[in-house]
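A.B. asks: Next come the chains, spelled out residue by residue.
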Amino acid sequence: MKNKSKYLAYPYVIWMAIFIVIPLVLVLYYSFTSGNIHDPGSLKFSVESYGKFFDSLYLNIIIKSFWLAFLSTVLCLLFGYPVAFIISRAKMKHRGLLLLFFLVPIWMNFLLRTYAWMAILSPNGFLNRVLEMIGLPTLAIMPGQKAVVLGMVYNFLPFMVLPIYTVLAKIDKNVLEAAMDLGANGLITFVRVILPQTIPGIVSGVTMVFMPAVSTFVISRLLGGGKELLIGNLIEQQFTVHRDWHFGSALSIILMVMILISMAVMSKVDAGNEQGGAALW
Amino acid sequence: MVGKIIKRTYMGLIFLFLYMPILVLIVFSFNESKSRGHWGGFTLKWYGELFRDPDITKALYYTFLVAFLSSLIATVIGTISAIGIHNMGLLGKKVILNVNYLPVLNPDIVTGVALMTLFISMNMRLGFTTMLISHVVFNIPYVILSVLPKLRQMNRHMAEAALDLGATPFYAMRKVIIPEIMPGVITGALMAFTLSVDDFVISFFNTGSGVTNLSIIIFSMARRGIKPSINALSTLMLITVVILLLIINKRSTKGDELIP
Amino acid sequence: MLRRNIIELRNLTKSYNDTVVVDAINLLIRENEFITLLGPSGCGKTTTLRMIGGFEDPNDGDIFFEGTRINNVPPYKRNINTVFQKYALFTHMNVYENIAFGLRIKKVPNDEMKKRVQRMLKLVDLEGFEKRHVDSLSGGQQQRVAIARALVNEPKVLLLDEPLGALDLKLRKEMQIELMDMQKNVGITFIYVTHDQEEALTMSDTVVVMNNGVIQQVGSPVDIYNEPENRFVADFIGESNILEGIMHEDFLVSFSGRKFRCVDKGFSKDEPVDVVIRPEDIDVTSPEDADLQGVVSSVVFKGVHYEMLVESGDFEYMIQSTDMQPVGAGIGLKFGPEDIHVMKRGSDNEK
Ligand SMILES: Nc1ncnc2c1ncn2[C@@H]1O[C@H](COP(=O)(O)OP(=O)(O)OP(=O)(O)O)[C@@H](O)[C@H]1O
Ligand SMILES: [Mg+2]
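Chains as they are written, first to last, in my numbering: chain H, 17 to 297; chain L, 276 to 535; chain F, 57 to 407.
So that you can see chain H by itself, here it is in the shape it has in the complex (with noise of 0.2 Å):
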C-alpha cells in the first residue's frame, strides 16, 4: 500500500524537470554559447562570455557587488545581534509583541519600503528638506553607495535578527546561571557560553543576509540612481536591455557559483563550531 502512494509525487518531479532543471540547464547552455539566440542553428560553443569577466569594467561591478553585500551583512550583524539579545531577554509576554513590531515591516512590500526611503534620501527629499529647516547643511547621500547599503541593511536586517533570536530564545536559562555560579562575569558568560552557542543562529543569519543581498538589482536602481551598478543589475540588462542572453546566463552561472561556495564555507565554520568548538574556546 505504501509503496504506491509514491507515484503521487511523479507528476512533480516531471514538473521540476520543466520548470527548474531544464531552465538552469538553458542558462548554463547559453552561458557556454555565443550567436543569435532566436536562431538555434546558429549557437557555437565558446567561452566569450566568460572572458568578458577580465574587462576590468565587469570584474569592479563584480567585486562590488561582493563589497556592498559583505558590509551590509557586518553591519546587519552589528546592529542585529543586540537587538536580537535584547528580544530574547525581555519578559516572556513582551518579547511576542517586541518580536511582531520589528516583523511588521517585513510584511510591506519591499518594493515600498525602498522606495520610501527614496523619499528620505533624495536631494530634495525629506531628511534635506528637515536639515533646511533647521539650518543645517544638505546631504547627498542619494544616489550613492551609502544609500545603497543602507537600503540593504534596512531591508535585510530582519533576516539576520530572527534566527539569532530563535538560538537564542533556546539557550537552557540554567546554562547562563550555572556560569554565573561558577565565577563568570556578564563579559565571560557571553563570550565563552553565549557567543559559541549562537553561531548556528549567526551563520543562518548571513547567509539570509548576504544572498538577497549581493543579488539585488532593485536596491542599487532605486537607490543607487543607475550609477551605481551590481552584478544584479548587470543580469537584469543583458535580458532586458542588451539582449545578450550569453553573457547575462554566464553571469547568473557565476553568481550561483559564488553564493554556493561562500553558502558551504559557512557550513564549514557551522559544522567546525559543533565539532572543534570546544578547542577553539
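Among the hints, a few may not be true.
Unchecked claim - DEER-style ranges, computed between Cβ atoms: (1) H:109 - L:316: 41 to 47 Å; (2) F:175 - L:443: 25 to 31 Å; (3) L:446 - F:74: 31 to 37 Å; (4) L:465 - H:105: 40 to 46 Å; (5) L:320 - H:70: 53 to 59 Å; (6) F:191 - L:465: 22 to 28 Å; (7) L:483 - H:286: 56 to 62 Å.
Please keep in mind that the hints were generated in silico from the structure rather than gathered at the bench.
The beta carbon of each residue, even a glycine, is placed where N, CA and C say it ideally should be.
Please build the complex by placing chains L and F with the ligands on the supplied structure of chain H, with the hints as guidance.
C.D. replies: For chains L and F with the ligands alone, coordinates are given in the frame of chain H:
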C-alpha cells in the same frame, strides 16, 4: 539601572529606523502638496486618486489574482507531492528534495531569468500565464517544506489504520491524511500567498503584454517619479498588515509563529 | 476443541533486501482462539501480522482466510481489523468519530451506528467520552478507543500488535484481564503479538514462539513452559538451567557427571542432548540427601522467594526457593525424573 536605559534607547533607535520611512510615507499620504518636502495641508484626495488610477487598480487586481491562483495550485500540487515524497525510498526522496530546494536557495534573479529563458525558448508569449506558472514554480517548494514535517509527525500507521477499517486509499487520503496534515497545508498556503503578493523579481522577468503587479508598478513609478497615491497605498497596506498580524497574534499568542 | 480453522499460513515468507525476516512459516489458527506470537525483538512478529492484515505482500507462500486465498485482497476488503502498536488514532476526530469511522464507510444508518458505538463504549468502559478529543485521553483510554474502533466493525479476526507496550505495569495487568474478558465476550479470534513471555503465557490459548523468522514451537502455555522443544524456547520462556547431557537409553540421561532417571524417550543411543531444569523445580536439601552437591555463591530476595546461584561441578544452577541458605553454605540439590526435560540439541536454535 544603566543597562536598562541603554537597552531601551537602543531598541528605540532601531524601531525609529524601522518605522521612520513608513511614517514619512503615511504623513505625506495626507499632504495636499505633491512635493515630498513641503506640507501643503491635510487631504484625502490621494486615496481617491489611488482607486481611480487604472494602472494601480489593474496591478492590484493581477497581484491578488495571481497570488490566489498560484497559492491555490501550489497548495494542491505541493500537498499531493509531499505525500508522495514522504512515501518514497531514501535515495529518491533525497534527490527530489534537493531539486525542490533549488528555487528556495537560488537568488530570485537566477530563478527569474532561467524561467524567462525557458518560456521564450518555448515560444511562449510573456504575460499572465507565464507569470502565473512562475509563481507556482517558486510556491510549491514552500508548500512541500511546510507539509513534510506534519507528515513525519503523523503516526506511521494512521493511513494503514484507515485502510484496516475499510477505507479505500482515496477515502483514507481525503478523510484521514489530509485533515491530519491540515495545519501544515494552511501554513504552506499562507506562505505561498504572501510570497506571491510580495514578489517582484520573478514577476518582473516573466510578465509582459501589459500584465503587471503591485511591485512592478511601484518599481516603474519610482524610477519615473512618484505619484503621491503610492503613499496612500503604503498607508492602506500597513494598516492591513498590522490588523492581520494583531489578529493572528491574538489567536496564536506565540510571536514565533508569525515568522514567515 | 473441534473448532474450524479461520486462518492458515502456508510457507509464508518475507524478505527485505535479501534478508529473510519471515522464513516459510506454517500456522493454523482456529476460530475464537487467542493466539500469541511471542519472540525477541526483530524476530518477525510484526511482519507476520502485517502480512495477515494485508499491509505487506509476502514474497512467497499463501494466506488463507476461511479457506480462500487472500494474498491479493487489499486490507480494506479483509474481514480483519488491527489494533496498532501506538494506536494510530485519528487525532483530528473525537472519540465517537474514531469509533464510527468504519461504520461510516459501510454507510451504516445513523441510528444503528449510534447504538453500535454506544455498545462499544460500554464494552471498553468509556461511556461518556464520546465528545472527548483523543489527545486528551490517557494511554489506557486511547488503547481502549483503538480496540473499540476495531471491534465495532465486528471482524472475524482482530490483530493486536503489542497493544499494551506503552502502558505502565499496573495498567498493563488490568488491560490484560480486560482484553481476555473482551475476547471471551465477543467471541472472535485474537492474534496477539508481544515479546513479553509472561503476558503471552497469561493470556493465550496458544502460544507461537518465534526466532529469526522461524517458528520454534506452537503449543498451549503449559506445554510451552513445561515441555520446551528446544534450547531457545527453554531459554526464552522463564528462567532455566540448561545443561549439556547424553541420552543413554529411554528414560536414562546423564549430565553433571551423573546418571539420572527421566521421563523422556525416543532418542538414539548415546545422543548428545540439552537438559532443562526449571529453577523452581529444584529442592534444597542437606548435602547427604541429594543427588548433587553445591555451594551457594549468591542470594537475592525476589519478593515471594529467594533466588540462589549454586555452584556444582563446573555448572552454576539457579534455584528459586522460599528456604534461604547463606552464601558459602554447602547444600544438596534434589529433583525428580519429571523435573528433567530432555531436548534434541539443534545447532540452528542456539542464541
Ligand atoms: N520495511 C522494512 N525494511 C527493511 N527491514 C525491515 C522492514 N520492516 C522490518 N524489517 C526488519 O525485519 C525484521 C523483523 O521485523 P519485525 O518488525 O517483524 O520484528 P518484531 O518481531 O515485530 O520485533 P519487535 O518486537 O521489536 O517489534 C527486523 O530485523 C527488521 O529490522
Ligand atoms: Mg514489532
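A.B. asks: With reference to the structure, classify each hint as holding or not holding.
C.D. replies: Right, here's what the structure says about each hint:
1. H:109 - L:316: 41 to 47 Å: holds (42 Å)
2. F:175 - L:443: 25 to 31 Å: With Cβ atoms ~26 Å apart, the hint holds.
3. L:446 - F:74: 31 to 37 Å: With Cβ atoms ~35 Å apart, the hint holds.
4. L:465 - H:105: 40 to 46 Å: Between residue 465 of chain L and residue 105 of chain H, where Cβ atoms are some 30 Å apart, the hint is violated.
5. L:320 - H:70: 53 to 59 Å: holds (55 Å)
6. F:191 - L:465: 22 to 28 Å: holds (24 Å)
7. L:483 - H:286: 56 to 62 Å: violated (42 Å)
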